[in-house]
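K.L.:
Sequence:
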Amino acid sequence: MNKILIALAFGVGYVLGARAGRRRYEQIRDKAQQVWNDDRVQEAVHKATDGVEKAASSVASKASDAIKSARS
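In terms of this note's numbering, the sequence shown is residues 18 to 89.
Take the hints with a grain of salt, since some may be wrong.
Restricting the straight-line Cα-Cα distance to at most 27 Å, the calculated cross-link-like pairs of lysine-lysine (BS3-like) are [unchecked claim]:
{"no.": "1", "residue 1": "64", "residue 2": "48"}
{"no.": "2", "residue 1": "64", "residue 2": "79"}
{"no.": "3", "residue 1": "85", "residue 2": "71"}
{"no.": "4", "residue 1": "20", "residue 2": "64"}
{"no.": "5", "residue 1": "20", "residue 2": "48"}
{"no.": "6", "residue 1": "20", "residue 2": "71"}
Have a look at the derived ranges for each label pair, beta carbon to beta carbon [unchecked claim]:
{"no.": "7", "residue 1": "60", "residue 2": "82", "range": "29 to 35 Å"}
{"no.": "8", "residue 1": "42", "residue 2": "71", "range": "35 to 41 Å"}
{"no.": "9", "residue 1": "38", "residue 2": "58", "range": "26 to 32 Å"}
{"no.": "10", "residue 1": "41", "residue 2": "86", "range": "53 to 59 Å"}
{"no.": "11", "residue 1": "75", "residue 2": "21", "range": "21 to 27 Å"}
{"no.": "12", "residue 1": "50", "residue 2": "79", "range": "38 to 44 Å"}
{"no.": "13", "residue 1": "74", "residue 2": "49", "range": "27 to 33 Å"}
{"no.": "14", "residue 1": "55", "residue 2": "84", "range": "38 to 44 Å"}
{"no.": "15", "residue 1": "46", "residue 2": "19", "range": "20 to 26 Å"}
{"no.": "16", "residue 1": "88", "residue 2": "33", "range": "48 to 54 Å"}
{"no.": "17", "residue 1": "88", "residue 2": "34", "range": "32 to 38 Å"}
For the record, the hints were derived by calculation from the structure and aren't laboratory data.
Idealized CB from N, CA, C, for every residue including glycine.
Please work from the sequences and hints to get the whole structure.
P.N.:
Have a look at this one:
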């Protein structure tokens, strides 16, 4: 996952900082779209989303319990 974020950050930085023009921008955009639509990337995105949702649910439950305990 970290490699994907690094690659994405590099791509964004290059696009914003380069003076290569529209053609190069479109090449990078198209490649980024190919990577994003790759089944392996989408699987990783879904796994990460599921993990975050589970963690958020757990944190919310613990916070609620802590608030109830503090009120008692």
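K.L.:
Give a verdict on every hint.
P.N.:
Consistency of the hints with the structure:
1. At roughly 23 Å between alpha-carbon atoms, residue 64 and residue 48 fall within 27 Å of each other, so this suggested pair holds.
2. A hinted pair counts as satisfied when its Cα atoms are at most 27 Å apart, and residue 64 with residue 79 qualifies at roughly 23 Å.
3. Between residue 85 and residue 71, the direct Cα distance comes to roughly 21 Å. Compliance with the 27 Å bound is thereby established for this hinted pair.
4. Restraint check for residue 20 and residue 64: satisfied, since their Cα atoms lie roughly 16 Å apart, inside the 27 Å limit.
5. The suggested pairing of residue 20 with residue 48 holds, with an alpha-carbon distance near 16 Å, which does not exceed 27 Å.
6. Distance check on the hinted pair: residue 20 and residue 71 sit about 23 Å apart at the alpha-carbon level, within 27 Å; holds.
7. Hint check: residue 60 to residue 82, Cβ distance near 33 Å, so the stated range 29 to 35 Å holds.
8. Checked against the hint of 35 to 41 Å, the pair residue 42 and residue 71 passes, with Cβ atoms roughly 38 Å apart.
9. Residue 38 and residue 58 have their C-beta atoms about 27 Å apart, which keeps the hinted 26 to 32 Å range intact.
10. Against the hinted window of 53 to 59 Å, the Cβ-Cβ separation of residue 41 and residue 86 comes to about 58 Å, which satisfies the hint.
11. Taken as a hint, the range 21 to 27 Å holds for the pair residue 75 and residue 21, whose Cβ atoms sit roughly 25 Å apart.
12. Our hint of 38 to 44 Å for residue 50 and residue 79 holds, since their Cβ atoms are close to 39 Å apart.
13. At about 31 Å, the CB distance of residue 74 to residue 49 agrees with the hint of 27 to 33 Å.
14. Range check, residue 55 to residue 84: about 43 Å between beta-carbon atoms, so the 38 to 44 Å window is met.
15. Between residue 46 and residue 19 the beta carbons are some 23 Å apart, a value that agrees with the proposed interval 20 to 26 Å.
16. At about 49 Å, the CB distance of residue 88 to residue 33 agrees with the hint of 48 to 54 Å.
17. The hinted window of 32 to 38 Å between residue 88 and residue 34 is violated, with their beta carbons roughly 53 Å apart.
Checked against the numbered hints above, the structure breaks only hint 17 and satisfies the rest.
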